[in-house]
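My request is simple: use the sequences and hints to build the entire structure.
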Amino acid sequence: MKKRKISAGVKSSVVYTLSSLFSKGLAIITVPIFTRLMSTSEIGVVNLFNSWYSMISVVATLALTSGGFQLSLKEFKNERNQYVSSVLTLTSMVAVLFSIVYCISPPFWNNITGLSTGLMLLMMLELLLSPAQQFWLLRQRYEYKYKAVAVVTFLSALFAAVISVWAVIYGAKSGAENLGAIRLYANYAVLLSVAFVLWIRTYIKGKTFYNKQYWKFSLALSIPLIGNSIATQVLSVSDRTMIGKMVGNSEVGIYSTLYTVSSLSLIIWQAINSSFIPYLYDNFEKKDKRKEIKTLATKLLAAFSVVAFLLTMMAPEIVRILATKEYYEAIYIMPPIAAGVFLTSVSNMYSNVLIYHKKTNYIMISSIIAAVVNVVLNYFGIKMFGYLAAAYTTLIAYIILGMMQAIISGQVHRKITGDKTDSVYDTKMILGLSVVTISCCVACLGLYKTTILRYAILGVLCIIVCLKRKQIIKIFNK
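Residue numbers for the sequence shown follow full-length UniProt numbering, so the first one is 1 and each next one is one higher.
Derived from the structure by calculation, the hints contain no laboratory data.
Warning: the hint list may mix true and false statements.
To be verified - SDA-like mimics (lysine to any residue), calculated; alpha carbons at most 20 Å apart, straight line:
#  : residue 1 : residue 2
1  : Lys325    : Ser39
2  : Lys145    : Val194
3  : Lys325    : Ser41
4  : Lys207    : Met93
5  : Lys325    : Thr450
6  : Lys207    : Asn78
7  : Lys294    : Val412
8  : Lys294    : His357
9  : Lys216    : Thr89
10 : Lys205    : Arg80
11 : Lys77     : Pro278
12 : Lys245    : Met120
13 : Lys358    : Pro278
14 : Lys74     : Ala389
15 : Lys325    : Tyr448
16 : Lys294    : Gly432
17 : Lys287    : Pro107
18 : Lys415    : Met403
19 : Lys428    : Ile408
20 : Lys245    : Tyr392
21 : Lys294    : Tyr392
22 : Lys299    : Leu467
23 : Lys449    : His357
24 : Lys245    : Thr117
25 : Lys24     : Phe159
26 : Lys245    : Leu388
Since we're looking at a predicted model, the values are computed, not measured.
Next comes the structure, spelled out in structure tokens:
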């Protein structure tokens, strides 16, 4: 019997998923160690640093690592080395500018962020070097060169985890009071060393510091995406920064730990989307592929929906393994966060279409509206109901974002193609799938105290997946 050859896209997706799971898995495995050695306030400092970096890096990278980068790789397919080194100059210049602005008045910025001078300088260094690694990873995934990605991801994650744990254990035994900062320094000592090597390598291979054509094309795509990326980060981390300001670092630590667990399924989606984008862009204008794109997109979202639901169902067990009793009260934020992560996948699908049509300004508009709604709802929700309300207000914002991007991308696509009946995806099916996913995730709130019923439902789902495994494999092998 002839064996079916596995496509490069599938291999790349699988390896990327496994690499990401290994990297995030190590982070999750070390959570029980850190939650038992560090106070919730110290863990809050770590999460506060990561939250601020996520928001600041959007501007510092000019959103060049967003969806437009893949389209640029297609546009300059014979000049990719030169293109990447050229845009790296852009991000490096902005990082230097940010560093200068910070150094003019460190106390001012320290007060705003709630971080020490040492951690702010660490952030400036990360802003300079990390884009090189992001560009490299994105290009490797786009070209389906998964082996190097696997090696770099596995080794850097392993060494970063081991050194971070060792540093915190040593600091705890020595009576150090700033274990949060110690953990961050140890972790980024490894990650930024790798990024520095890739930063140098990019310039050696590209030998291009400036190219007007590359800069003009990239900035035309990325500048509108800056607003989108800022808004997306506000959606993602404003709840934690607002909890830090309105409640305290201890609550940030509890909320962020549970938020991280709830977002685990996002790793799988990022792998799926990274492999789907090249397929979508290569077949976008082929009329004979329209039906296949619709079917595949719906099935991918359905598969991810199951992943999000399974993670929500297992929430009590995951929290008991990874954290101490003081974290249990926040278990009820996991269903809305998991549902919100699923809606992220929906908005990603539609933003892929807008990026292809070079209409990134529409992505920015919808994201900003959703972000403003999120901040306003967070403010009143946290004041009235406590910090756990932030998870539910964020879900509302993701619903608004998904609906807006679906409507806008459909209108833009039909206007450009001139076909009033044409659509890239089956929006009605995706809408129905979204309603079912949100309902199922929220319904889990009533199942957390009925362990037997939860296990019975999980058992039935596992049986269905096993029976349908051939069909599932076939979907991902397209």
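Hint check results:
Only pairs whose Cα atoms come within 20 Å are accepted, and Lys325 paired with Ser39 is accepted, the gap being roughly 13 Å. For the proposed pair Lys145 and Val194, the alpha carbon gap of about 18 Å is at most 20 Å, so the pair holds. Of the pairs offered as hints, the one joining Lys325 and Ser41 holds, with about 15 Å between alpha carbons and a cut-off of 20 Å not exceeded. Simply put, Lys207 and Met93 have alpha-carbon atoms about 16 Å apart, close enough for the 20 Å limit, and the pair holds.
Distance hint between Lys325 and Thr450 is fulfilled; the C-alpha atoms sit about 19 Å from each other, no more than 20 Å. Under the criterion of a C-alpha separation no larger than 20 Å, the hint pairing Lys207 with Asn78 is consistent with the structure, at around 15 Å. In summary, the hint linking Lys294 to Val412 is supported, as the alpha carbons are separated by about 17 Å, within the 20 Å threshold. Among the hinted pairs, Lys294 with His357 is consistent with the structure: their alpha-carbon atoms are about 18 Å apart, no more than 20 Å.
The suggested pairing of Lys216 with Thr89 holds, with an alpha-carbon distance near 13 Å, which does not exceed 20 Å. Between Lys205 and Arg80, the direct Cα distance comes to roughly 10 Å. Compliance with the 20 Å bound is thereby established for this hinted pair. For the given pair, Lys77 sits about 13 Å from Pro278 by alpha-carbon distance, which is consistent with the 20 Å threshold. Between Lys245 and Met120 the CA atoms are separated by roughly 18 Å; this keeps the pair inside 20 Å, and the hint holds.
Taking the CA atoms of Lys358 and Pro278, the gap is near 16 Å; set against the 20 Å cutoff, the hint holds. Between Lys74 and Ala389 the alpha-carbon distance is near 43 Å, which puts this suggested pair outside the 20 Å criterion. At roughly 16 Å between alpha-carbon atoms, Lys325 and Tyr448 fall within 20 Å of each other, so this suggested pair holds. At most 20 Å may separate the alpha-carbon atoms for a hinted pair to count; Lys294 and Gly432 meet this at roughly 15 Å.
For the given pair, Lys287 sits about 58 Å from Pro107 by alpha-carbon distance, which is inconsistent with the 20 Å threshold. Between the alpha carbons of Lys415 and Met403 the distance comes to roughly 19 Å, so the proposed pair stays at or under 20 Å and holds. At roughly 15 Å between alpha-carbon atoms, Lys428 and Ile408 fall within 20 Å of each other, so this suggested pair holds. For a cut-off of 20 Å, the pair hint linking Lys245 to Tyr392 stands: about 19 Å separates their Cα positions.
In summary, the hint linking Lys294 to Tyr392 is not supported, as the alpha carbons are separated by about 30 Å, beyond the 20 Å threshold. At roughly 16 Å between alpha-carbon atoms, Lys299 and Leu467 fall within 20 Å of each other, so this suggested pair holds. Among the hinted pairs, Lys449 with His357 is inconsistent with the structure: their alpha-carbon atoms are about 48 Å apart, more than 20 Å. Distance restraint check for Lys245 and Thr117: the Cα-Cα separation of roughly 19 Å lies within the 20 Å cut-off, and the hinted pair is therefore satisfied.
For the hint linking Lys24 to Phe159, the alpha-carbon distance of about 13 Å falls within 20 Å, and the restraint holds. For the hint pairing Lys245 with Leu388, the CA-to-CA distance comes to about 15 Å; that is within 20 Å, so the pair holds.
Comparing the model with each earlier hint shows violations of hints 14, 17, 21 and 23; every other hint is respected.
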